[in-house]
Amino acid sequence: MESYLPVIWAAIIGLAVAMYVILDGFDLGIGILFPFAETDHERDQMMNSVAPFWDGNETWLVLGGAGMMVAFPLAYSIILPALYLPVIFMLLALIFRGVAFEFRWIGVTSKRHWSFAFVAGSTLAAFCQGLILGGLIQGIKVENGAFAGSAFDWATPFAILCGLALVAGYALLGATWLIMKTEGSVATRARIEAKLLLLVVLGFMAIVSIWTPFAFERIAVRWFSLPNILFFWWVPAATLLVAFAAWRWLETGHEVLPFLATIALFLLGYLGLLISNFPYLVPPSLTIWQTAAAPATHIFMLMGTLVMLPIILGYMIFVYWIFGGKLREGEGYH
Amino acid sequence: MELDPVFVARLQFAFTIIFHIIFPTFTIGLSAYIATLCVMWMRTGRERYRLLAQFWTKIFAVSFALGVVSGVVLSYQFGTNWSRFSVVVGNVIGPMIGYEVLVAFFLEATFLGVMLFGWNRVPPWLHTLSAIAVAIGTALSAFWILSANSWMQTPAGYEMRDGIAYPVDWLAVVFNPSFPYRLAHMVTAAYLTVSFVVLAVGARYVLAGRHLEHGRTMVRMAVGFAAIVAPLQLFIGDQHGLNTLAHQPLKIAAIEAHWDGDAPGELVLFAWPDEATESNRFAVTIPHGASLLLTHSWDGLFPGLKSVPPRDRPPVAPPFFAFRAMVGIGMIMILAGLTGVLLWWRSRLFEARWYLWPAQHAWWMGFVAVISGWIVTETGRQPWVAYGVLRTAEAASPLAANTVATTLVLFVLVYGVVFAIGLYYINRLIARGPQDPTLEPRRSGGAPTPSSAPGGHKILVETERRVPSEHVV
Chain A
1 MESYLPVIWA AIIGLAVAMY VILDGFDLGI GILFPFAETD HERDQMMNSV
51 APFWDGNETW LVLGGAGMMV AFPLAYSIIL PALYLPVIFM LLALIFRGVA
101 FEFRWIGVTS KRHWSFAFVA GSTLAAFCQG LILGGLIQGI KVENGAFAGS
151 AFDWATPFAI LCGLALVAGY ALLGATWLIM KTEGSVATRA RIEAKLLLLV
201 VLGFMAIVSI WTPFAFERIA VRWFSLPNIL FFWWVPAATL LVAFAAWRWL
251 ETGHEVLPFL ATIALFLLGY LGLLISNFPY LVPPSLTIWQ TAAAPATHIF
301 MLMGTLVMLP IILGYMIFVY WIFGGKLREG EGYH
Chain B
1 MELDPVFVAR LQFAFTIIFH IIFPTFTIGL SAYIATLCVM WMRTGRERYR
51 LLAQFWTKIF AVSFALGVVS GVVLSYQFGT NWSRFSVVVG NVIGPMIGYE
101 VLVAFFLEAT FLGVMLFGWN RVPPWLHTLS AIAVAIGTAL SAFWILSANS
151 WMQTPAGYEM RDGIAYPVDW LAVVFNPSFP YRLAHMVTAA YLTVSFVVLA
201 VGARYVLAGR HLEHGRTMVR MAVGFAAIVA PLQLFIGDQH GLNTLAHQPL
251 KIAAIEAHWD GDAPGELVLF AWPDEATESN RFAVTIPHGA SLLLTHSWDG
301 LFPGLKSVPP RDRPPVAPPF FAFRAMVGIG MIMILAGLTG VLLWWRSRLF
351 EARWYLWPAQ HAWWMGFVAV ISGWIVTETG RQPWVAYGVL RTAEAASPLA
401 ANTVATTLVL FVLVYGVVFA IGLYYINRLI ARGPQDPTLE PRRSGGAPTP
451 SSAPGGHKIL VETERRVPSE HVV
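Residue numbers (my numbering), protein chains in the order written: chain A, 1 to 334; chain B, 1 to 473.
Don't read these hints as lab results, they were simulated from the structure. Treat the hints with caution; some may be incorrect.
As the list claims (entries may be wrong) - Using 27 Å as the maximum straight-line C-alpha spacing, the simulated BS3-like pairs for lysine-lysine come out as follows:
#1 A/K195 to A/K326
#2 B/K58 to A/K111
#3 B/K58 to A/K326
What the hints assert, rightly or not - Across the chosen pairs, the derived CB separations fall in these ranges:
#4 A/G14 to B/R391: 55 to 63 Å
#5 B/R391 to A/A151: 20 to 28 Å
#6 A/I192 to B/R391: 57 to 65 Å
#7 A/S185 to B/P358: 16 to 24 Å
#8 A/V256 to B/R432: 33 to 41 Å
#9 B/A172 to A/E217: 46 to 54 Å
#10 A/I275 to B/A246: 51 to 59 Å
Virtual Cβ for every residue (Gly too), placed ideally from N, Cα, C.
Assemble the whole structure, with the sequences as input and the hints as a guide.
The following block contains the structure:
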């Protein structure tokens, strides 16, 4: 039982991270696409389409952080100091993004400034999250169970590539969300943006898929050795298939399916990263078992999580349902 | 100058958490007030309660956003700046923070969406239910985070193996000795803080002759609440202090600037505690006062600071002065609550400008008292981060001092800008006052806007056009 607990916890935190990436992904994506809207009216419409949800969406990030501290305190205590600057900059960026939701409506004369804060905050947060991902994949220097590198170890071309990739990915999520939730000029433009972004995102996914096995031998072994390749070949194949479907649905004017296809694309990419790195939580040295909290801690927290997670998902779905359907032009909640 | 990384990390944590605590204090209290207003609206059907609920919900939204963004920072700072803390006590303290996220954060954040944007989308009962869900969420959040904090003050239910704390008895961990007192004291403080904000806003409207009906309702609700709860808080605080004496006697010694445990404690009204000479300068004292308060006997003895070597003592000045600020404000609150009720009883509450004028400027009192209280309890815990388990100096991350100093400067700049603007916007919302969006031109309470004026007419037309489209969906 005890050796399964870290696996269960890795799954729960993996779920929290996936929920965060998808849900706050489209919020942040809307911030990234903000500069391309033509009028203030369009920007209002874009922001209104996510205003009731962003708070709840960002909470998954807190669950990811807190869950990590509960379940894998050693990993938490190594990863965060190692990626100190990207983490802090992400948090600062999220501050501007978050308050912009409220301040932009109150500040009449300063609306432009808060629009800028929303764009800058969303884009920087997305970029920093990509840096964190890249920094983690490329590995962290650990000695005696503590971070032993320096403040800029994460700053590599690969991490920057991951940062740009995530900005594009979130923008794609945001664009397909807008296709689903809005109408008029916003939705029309989002459809054009989504097509462009789909190609960019596929490009980034291809580069990461080629780069990582060349740069990190453990990843090459994981994917291309026998019999692994027989189990994993369908992941890139499915990614291509989903991407093709997304493109078709964007062409044929579907409103909901492009968003769902983008989510599938994200999940497949995420699965690919899991395959590359499991069971390492602090690549290349520490596994989920080596960094796990005490079994008693895992069990105590698991009881609450098993009860609460379905309840949370239940009322979240309920609130999405309340604010379901299209946001009509000119309709706002403020 | 050589910077001490631990000192910079402490400074950063102190800064970010003092900034943060302002908003939960406000939103714990305000969500309960809004839920109360919603319930009263449902029960009486009076529009003024709905309008007040709508008005405070807007202010709630701004402060909640500030609370969320500054709170996310804290949940990561345990790792970024205090990684040794996470490793040593994470097994025990982690779940409390985990439970806070699961039972409280999601509840608050999700139903806040309904509370803010659901006025035209959900029926009143569901709206009221959402307001109650948010209020319960904020209180549950206080429950778990104060449990975690109290464990750091009075650790229980654990054992140490190889320098790492392991849980043994979860009930003892969660309900550790100081937790019930700290929870009662803090939640009461949040409600009291908000009652004085509501009083200040109400008094402001009454004095200005605007939104009179709403202003009066707010003043009455706040005064009635404060008159009962402010004295209650004195009692809770006293019990909390006695609990601290039992478990953290040195914190009490620092609060009382009590150096020599062999002599009865004097109640020090004012002094300059001097750590170098281990004595108080310029002291104004009541002999035997502290003994009487803390041990309920004339010659009662309690440990002094000199009972341990200097390296095991908390700093004296911060708990000493902050405690006096907190208690001073508490006394003023009691006086203000009782005076208000007396005036209300004599039907003079809204004529007494001498009472309303200071009241309208008293909104900050609760916040300063809460921050002071936290300074007392957190500096009084030093030199430990988890009392008797882990020293603060041994809890920090392996980071260079200048890295932490750089981010500290950034936090100060960003929080300074965001906080100042947030305060400015909240003030602007208050200045605008409660107003019904569907009845825009007829400003409730205040002087009616001439509806014949072109502006007024235009608003009416726009409103009429907007209302149906909102009901369609």
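To see whether the hints hold, each was checked on the structure:
Taking the CA atoms of A/K195 and A/K326, the gap is about 21 Å. The hint holds against a cut of 27 Å. Distance check on the hinted pair: B/K58 and A/K111 sit about 17 Å apart at the alpha-carbon level, within 27 Å; holds. With a C-alpha separation of about 24 Å, the suggested pair B/K58 and A/K326 falls inside the 27 Å cut-off, and the hint holds. In this structure the hint that A/G14 and B/R391 lie 55 to 63 Å apart at CB is violated, the actual value being about 35 Å.
Between B/R391 and A/A151 the beta carbons are some 25 Å apart, a value that agrees with the proposed interval 20 to 28 Å. Separated by about 59 Å at the C-beta atoms, A/I192 and B/R391 satisfy the suggested range of 57 to 65 Å. For A/S185 and B/P358, the hinted distance range of 16 to 24 Å is not satisfied, since their beta carbons lie about 54 Å from each other. Checked against the hint of 33 to 41 Å, the pair A/V256 and B/R432 passes, with Cβ atoms roughly 39 Å apart.
In this structure, B/A172 and A/E217 meet the distance hint of 46 to 54 Å, their C-beta atoms being roughly 49 Å apart. For A/I275 paired with B/A246, a C-beta distance near 55 Å keeps the hint of 51 to 59 Å intact.
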